[in-house]
Amino acid sequence: MTPGNPNRIKRALVHAGFAGLVAFTWYEGRLAPAVREAPRPGKASGIRFREVAREVGIDFVHGATTVDPDVANIAAQITAVGAAVSVCDADGDGHPDLYAISSADGAANALYRNRGDGTFEDVAARAGLAELNVPGELACMGSVWADYDNDGDQDVFVYGWGQGQLLRNEGQLRFVRVTAESGLAFRANSNAATWFDYDEDGWLDLYVTGYFAEEHDLRALETTRIMHDSFEFARNGGRNRLYRSLGDGTFEDVTEEAGVGSTRWTYAAVAADFDRDGWPDLYLANDYGPEELFLNRDGERFELASGIGLEGESKSGMCVALGDVWSQGKLSVFVTNISRRGYLFQGNNLRVSMLDVQGPMLQLADGDVADCGWAWGAQFGDLDDDGFQDLVVANGFISASRERDYWYQMSKISLATGDVVADAALWPAFEDRSLSGFERTRVLRNLGTSTARFVEIGREVGLDDHYDGRAVALADLDGDGRLDVVIANQRGPLLVYKNESEGSGRWIAFDLRGTLGNRDAIGAEVELEFADRRQLQVVTSACGFAAQNERRLHFGLGSDPGAVRAVVRWPSGARTQLEDPELDRVHVVTEDGSR
Amino acid sequence: MTEMTTPVVVEAGASRLARWLPRPTPKNLITLLITLILVVGEWSYGIVGGYRKLGLTLGTCVLTELVLSWFLLGRMPFLQSAYITGVSLTMLVRPQAGLVWPFVVGAALSIGSKYVLRYKGNHLWNPSNLGLAALLLLAPTRVALLSHEFGNAIGANAVIWSVGILIAARARILHVSLTYAASFALLAAARSAIVGTPLLAELAPLTGPMYQLLVFFMLTDPRTTVRAKRGRVVTVASIAVVEALIRLGNDFDMAWAAPFAPAPPILALAIVGPIAMALDLRRRSVRGGQNPTV
Numbered sequence: 001m002t003p004g005n006p007n008r009i010k011r012a013l014v015h016a017g018f019a020g021l022v023a024f025t026w027y028e029g030r031l032a033p034a035v036r037e038a039p040r041p042g043k044a045s046g047i048r049f050r051e052v053a054r055e056v057g058i059d060f061v062h063g064a065t066t067v068d069p070d071v072a073n074i075a076a077q078i079t080a081v082g083a084a085v086s087v088c089d090a091d092g093d094g095h096p097d098l099y100a101i102s103s104a105d106g107a108a109n110a111l112y113r114n115r116g117d118g119t120f121e122d123v124a125a126r127a128g129l130a131e132l133n134v135p136g137e138l139a140c141m142g143s144v145w146a147d148y149d150n151d152g153d154q155d156v157f158v159y160g161w162g163q164g165q166l167l168r169n170e171g172q173l174r175f176v177r178v179t180a181e182s183g184l185a186f187r188a189n190s191n192a193a194t195w196f197d198y199d200e201d202g203w204l205d206l207y208v209t210g211y212f213a214e215e216h217d218l219r220a221l222e223t224t225r226i227m228h229d230s231f232e233f234a235r236n237g238g239r240n241r242l243y244r245s246l247g248d249g250t251f252e253d254v255t256e257e258a259g260v261g262s263t264r265w266t267y268a269a270v271a272a273d274f275d276r277d278g279w280p281d282l283y284l285a286n287d288y289g290p291e292e293l294f295l296n297r298d299g300e301r302f303e304l305a306s307g308i309g310l311e312g313e314s315k316s317g318m319c320v321a322l323g324d325v326w327s328q329g330k331l332s333v334f335v336t337n338i339s340r341r342g343y344l345f346q347g348n349n350l351r352v353s354m355l356d357v358q359g360p361m362l363q364l365a366d367g368d369v370a371d372c373g374w375a376w377g378a379q380f381g382d383l384d385d386d387g388f389q390d391l392v393v394a395n396g397f398i399s400a401s402r403e404r405d406y407w408y409q410m411s412k413i414s415l416a417t418g419d420v421v422a423d424a425a426l427w428p429a430f431e432d433r434s435l436s437g438f439e440r441t442r443v444l445r446n447l448g449t450s451t452a453r454f455v456e457i458g459r460e461v462g463l464d465d466h467y468d469g470r471a472v473a474l475a476d477l478d479g480d481g482r483l484d485v486v487i488a489n490q491r492g493p494l495l496v497y498k499n500e501s502e503g504s505g506r507w508i509a510f511d512l513r514g515t516l517g518n519r520d521a522i523g524a525e526v527e528l529e530f531a532d533r534r535q536l537q538v539v540t541s542a543c544g545f546a547a548q549n550e551r552r553l554h555f556g557l558g559s560d561p562g563a564v565r566a567v568v569r570w571p572s573g574a575r576t577q578l579e580d581p582e583l584d585r586v587h588v589v590t591e592d593g594s595r
Numbered sequence: 596m597t598e599m600t601t602p603v604v605v606e607a608g609a610s611r612l613a614r615w616l617p618r619p620t621p622k623n624l625i626t627l628l629i630t631l632i633l634v635v636g637e638w639s640y641g642i643v644g645g646y647r648k649l650g651l652t653l654g655t656c657v658l659t660e661l662v663l664s665w666f667l668l669g670r671m672p673f674l675q676s677a678y679i680t681g682v683s684l685t686m687l688v689r690p691q692a693g694l695v696w697p698f699v700v701g702a703a704l705s706i707g708s709k710y711v712l713r714y715k716g717n718h719l720w721n722p723s724n725l726g727l728a729a730l731l732l733l734a735p736t737r738v739a740l741l742s743h744e745f746g747n748a749i750g751a752n753a754v755i756w757s758v759g760i761l762i763a764a765r766a767r768i769l770h771v772s773l774t775y776a777a778s779f780a781l782l783a784a785a786r787s788a789i790v791g792t793p794l795l796a797e798l799a800p801l802t803g804p805m806y807q808l809l810v811f812f813m814l815t816d817p818r819t820t821v822r823a824k825r826g827r828v829v830t831v832a833s834i835a836v837v838e839a840l841i842r843l844g845n846d847f848d849m850a851w852a853a854p855f856a857p858a859p860p861i862l863a864l865a866i867v868g869p870i871a872m873a874l875d876l877r878r879r880s881v882r883g884g885q886n887p888t889v
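Protein sequence lines correspond, in order, to chains S and A.
With my numbering, letter number 93 in the first sequence gets 93, and the count goes up by one each step, no holes.
For my numbering, add 595 to where a residue sits in the second sequence, where the first one is 1.
Bear in mind the hints are in silico, worked out from the structure with no lab data behind them.
Every residue, glycine too, gets a C-beta built ideally from N, C-alpha and C.
There's no promise every hint is true.
[Claimed, not checked] Facing chain A, from chain S, some residues (calculated, C-beta under 7 Å): (1) W203; (2) G347; (3) A416; (4) R459.
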């Protein structure tokens, strides 16, 4: 053989290898989750859902807000959020109610009261919770419920674009606005808020996030320079705020001294003790930027965690769902992001906190978990009570034309340098285009392996609508011991998926009542030992995107849980231990002060 | 005594150092530029996205080059080309989360194309351009390219463009880079007028990292660029025209254009580059001037 003139056999081998690589690449492309749509029998393991919203008396449709005509070219994008749902117990009867949010001018929010048999009636108008979308005042984006005044009933803070509203529950399903006298009169363009007791003084504090900067009245703009100034590291969003409860029904702004005034474009916030030091931390999902974890230092201030694997991964965080993916007593977060074939694979993040052993937020996401499309709200929940938490993920951004898509137009502006991207007037017009529209809701079944393997079973189990999903909330609406799923869709109906799974495992649930700390026990943890597992769940206010789950903690146990032991850790520091609690029932546990 | 001998030692040291330092040849300068982009991008915004990815891509490029050169040609290759390809792929390939194979396969396809896709003794595609185009067209459900600005800092962009222009001038390839940039700008203005999109939105892509790598490395690759200066100008302008057609096709939602939408310039180069190269090689072979190389 001479250089430049290889013999034919060698050349043929190299050509065959090259062709093999081409074939491999093509084949791998065919295997992608986005392509693989056919149901896979046998993977669902008895899980079944049926959509029953109308059947149970729910006929709510979300309406979107409007924006200044100066940014009409991308109004479709700006107004593509607002559908929200919270599970609450507004009438205190022990049955989960639903508060659904609309955002359109004058559109009524709905409070669906659970009659106790899994059917509902809308009582928002008489409760004073319907007429909150007032042009110039507020476009509702979500709600967070809690007993902030510790008087035994559930109050609500409704956040959105404009002046958020605090409504105090006066009993008998009557709510009154107390925003001004409570010290919460401020304008923001907010898409998230959460109640938590950051200083553990027994009174719930309120964290309200900002998305668009608060100086912009999106309905009457003075400038079109309202957008993010970077697709990856934007810091020109709305300011997040922390309001500390003074215990008398009023709040003071402690944002600066607490150090949690992030101006990233925050879409979701969840409070839990990630570093296991006994103080609730704040985990934020930010659009156009990395996630942020603010570690609570002795209830006095927060420090932005660094070197734990978050700051280097800049994506488009939409929600933070909280769970324990391994059932090993370690908190997990699922942060949704964007995936779109050919254009962008940010991938959802599934992280396990290893902070208790000075480790990182360990990233586990790949395959079906990472790529759900343009993912929004999500929640962890054990749908088949097999002892491992599954995931429900709502997807799809803007469904308009089925033929015309905005991704190409988006790709032009997304490469801009400087603050070109910040000027909405410079963006290509949306017209009637879709942007990741008509995407399917996903159900990711946790296979219970040590590597957290999930398989996507949405189609098989009947939880597979194609609306533009936003908020996902979980609750046992009919009291049958199985978690049902509620999904709020942008410009679409509120869907209720009844869990009709067969052959599910044993279960146990806990309603926690605080006495030393906040009455809702927000921040309390239940660690349940069963079989060879140890699952940790936390009582939260907000969780996911624009959503709140039923506060009751539901544990699936599998068919043979063995000896079961529960330890409740209260925000006050108290502990309650339950040995061999009865299974397949709800336990009401009251803080007893023992340590 | 010490004072007397010190300069001698320094001079000898400098001389030894000079022997080890690469000379400022055009190729070395280009290598320096891509390293600068890599370092600035990583230092500022973590553009690499993990050193495993860099190691895998670079390692595969170098290994493939070594193996194929030894296996087919029986000689050790120069590895600068593999290095530039590896760095380009590292920065641009953005696969689905958790996937590793696109870096390995993309690198192997890129370098392999130099030995497989040949005409009259020359390879036709810029290696990284071929690898990127293959990944995008064959597996768009798995792979995307860096489709947004990293960090959005004008300063970092200005440094890269300034140094790039200086080095391109020194390497005598500035006419290629400038022809493309000017053609893109003119055609962006035309597209803006036709489609009604703001001009800045049409010009915006030129400032992104995908275009930096295209303008300073792929279009100017001496092995896959036509020989005559005028031919290069015509080729590069043609690439810009094909890119504009792809963009217009997508602006008007034409089905044929959709597969090219995620990376119009990369795919325009993948179409026009080899055609121009083949025509040039054919013309040169007719004149008896072909010069087979790898």
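So which of the earlier hints does this model not fit?
1 and 4
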